[in-house]
Amino acid sequence: MGKIIAAPTAGSCGILLAALLSVREELGLSEDRTTMALFVSAGIGLVIAQRACVSGAQGSCQAECGSAAAHGNFIK
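The numbers in the working numbering rise by one with no breaks, and the one at position 74 of the sequence shown is 74.
Hints are computed from structural coordinates only; laboratory data are not their basis. Being a predicted model, the structure only gives us computed values, none of them experimental. Misleading hints may appear alongside valid ones.
What the hints assert, rightly or not - Derived CB-CB ranges, DEER-like: (1) Gln50 with Ala10: 16 to 22 Å; (2) Ala69 with Ser30: 19 to 25 Å; (3) Glu25 with Gln58: 31 to 37 Å; (4) Gly2 with Arg51: 31 to 37 Å; (5) Glu25 with Val47: 26 to 32 Å.
Yeah, the Cβ is synthetic: ideal placement off N, Cα and C, and Gly gets one too.
Sequences and hints are given; from them, build the entire structure.
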């Protein structure tokens, strides 16, 4: 590991990675599959950022946590 990723924001960064790593462990996903999941998540983040907000300052903590949950919703 060794990298810090604030996705989608620093306030909600644990949600996406916790979901991703939990599903990876539970389903035995490969590193390649996990990497692809992060790419898909980035695309979802672009849509959210263009059509809504991801920052807690703009849309409250629910915007941060809700967008992070949407990022991880596709993983299975």
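Could you tell me whether the CB distance from Glu25 to Gln58 stays inside 31 to 37 Å? Since the Cβ atoms of Glu25 and Gln58 sit about 34 Å apart, the hinted range of 31 to 37 Å holds.
Whether the CB-CB distance between Gly2 and Arg51 falls inside 31 to 37 Å: At 33 Å between Cβs, range holds.
CB of Gln50 to CB of Ala10, is that within 16 to 22 Å? 20 Å Cβ-Cβ, so the 16 to 22 Å window holds.
Do the Cβ positions of Glu25 and Val47 conform to the proposed distance bound of 26 to 32 Å? holds (27 Å)
Take a look at whether the Cβ-Cβ distance between Ala69 and Ser30 falls inside 19 to 25 Å. At 24 Å between Cβs, range holds.
Going through the hint list in order, the structure satisfies each hint without exception.
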